[in-house]
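Participant: Use the sequences and the hints to build the structure in full.
Chains A and B are the protein sequences, given in the same order.
Residues 1 to 285 (the numbering used here) are what the first sequence spells out, left to right.
Residues 1 to 305 (the numbering used here) are what the second sequence spells out, left to right.
It cannot be assumed that every hint is accurate.
[Unchecked claim] A few chain B residues that face chain A, going by a derived Cβ cut-off under 8 angstroms, partial list only:
no., residue
1, Pro186
2, Gly188
3, Lys218
4, Leu242
5, Asp272
6, Leu293
7, Val295
8, Leu298
[To be verified] Take a look, some chain B residues computed to stay more than 12 angstroms from chain A by CB distance:
no., residue
9, Phe81
10, Val194
11, Gln197
[Claimed, not checked] Derived list of chain A stretches under chain B, where covered just means 3 residues or more per stretch with a C-beta under 8 angstroms from a C-beta of chain B:
no., region
12, 55 to 65
13, 86 to 97
14, 109 to 115
15, 146 to 158
16, 196 to 208
Since the hints were derived computationally from the structure, they do not count as laboratory data.
For glycine and all other residues, C-beta sits at the position ideal for the given N, C-alpha and C.
One-letter residues, chain by chain:
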Amino acid sequence: MYTKLLSPVLTSLLSHKQALLTSLNKIPAASLILGLLTIGQAAHAFNCGNGSSGHCYGRARWIEQPQYFGTQVDISEVTMVCANGSGCFFIDNETWLADFSSPGCVNNGFGACWVETGILATSDKASNVSSGRFFFWADARPAGVPSTFNLHIFGYTDPNGDTDTFVILQDNTGSAGVFQAFINNYARGTYYKGFSTNNLMSANRITIGQELAGTNGANADICDFTNNFWVRTPLGVPMGYDIRFERDIGSVAVRHDDPPFAEWGIPPLLPGNGDFETQCCSTGF
Amino acid sequence: MRREGDSEMSVTNNPVAIGYGRILTPAAWMLALMTAMPASANVRIAAPKFDIAVLSGKSLAVGFPIQNLGDSVAVNVKVDFVRLVPSRFGARLSSPELPIDVGTVPSFGQSVIQLHFSVPGPMPPGNFRLVVLGTYQDANNRRDHDGRDGDRDSRDRDDRKLFELEVSRTPPEGVSLLPPGIPNRPQGYPALPVNPQGAPPFTERDVINYFTTHNLPKNSGSLSQISVGSLQFLTSKDVSTLLGGVTTGLTDDEVVGFVTLFGNFIFTGPDDTTPVQFARAYAVFDSITGNLLMVGTLPQEGAPS
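Facilitator: Below, the structure is given as structure tokens:
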């Protein structure tokens, strides 16, 4: 499941989980049950937005710091389907860096500015080509710019089993209001980068997790969010590497609308540690 | 990038056996270290990393795990001394929480320590080491207490072993904020057929056909309401200018198909944001591949931008 080194404790716990899944798959009856569950997931109905109503989330978030200059998270590649013509708008696993307090952001219609990046599956027919899911990044900028919301498609994702690193970083090396969003996976040669510009937000929230929009036809295997960090200083001044104090996160910081199902599979007892998991759509963990 | 088998942080673990009082002065610690004996191999105390959270300008929270990598249970684990190196705050940070009774740390288990310190000023950027001194007892090698001689305290002291941990705060290799190399060109995903005969690579009719069956990604508005306003072939730089600095990810002189759309476009963001409806939107197609590269919202016609 992981190609990167995790802490010994985390690795141990993950290996136990993997061993359990492996042993289950060796049992024909268990495999059959798992298969039936998978089929059932695709047909499960949910109420996660028809355009005017809100979407559903399974997420953890951080709001402890007055300002976050960036965020990093590793997200595992798993099967994620948003069946065409099924009532699914999209499903994704991603991270957001957002500002809910600056006047220009509060007044941009959304009530916030943000930069987001992650893995997206939509009901668009094109997304059924190849892997069916793709890397993206997007931003919502303060009021007054010609295009408030912009979504960029980097390309198709890496295969299941890989883990990609997603970073959003405030860039103070040049003009004000610039954020970098990039995705990398050295082993695959994956490296995409985008620049959010004229985005004078002062981020005060980091969110990781799954967003689901639609009423039917979505399915996503268990996705792991690991190596969670926040950035203390922007690019352009001496780099700081204050790691998120995940231990400060209480249960109130986790939202799971069931679906998406979400939980700390491994509690974030150590900074940068922990394994936040999301899953959709018919059964929980 | 972190590699399999690499260590997250540098760790120095020097367990020693020593007679021990409740709290030792730095001089006593030095003497203890100089006269130390090898420790039991059954308990191995480690601390792979630590972190500092600046709670306010003069308040720090330092967190680190005390791990037992041995095959025996560590009992009566105590942390007595913590120092940041280099320190601009003096030789020893004083915390009201020191000394800390960690208690029992099971074999291959850990206990997380969090200390709070008041300091004269904000933490400077850079790397630090954390020096942690404490003691523990090995549950397997602990002497039996029969209660006959009433000297249990002295025997406990004799059983105590000292550990000294030196933990680096160098950013873990997994924190690769700026990967080297040149980013890949955005690929988008397949959308329009490209005319093999040359310009134009695709027509407005191609775009209209596309949007009869394809919605914008992440748009919760209805596909049936989408209509195509126009198609222009512009340079990446021109598109960026039109959109208030939005970058396409292509070089300035690369040509893209810029499409304006009418309809009901609904986008939202992280939870706690409000879904917003837009009457106009845009889409950008790669003129070489016909792939959809990006989409976004536009203000109402006539509205100030």
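Participant: Which constraints among the numbered hints does this structure fail? Numbers only, ascending.
Facilitator: The structure conflicts with no hint, since it agrees with every one listed earlier.
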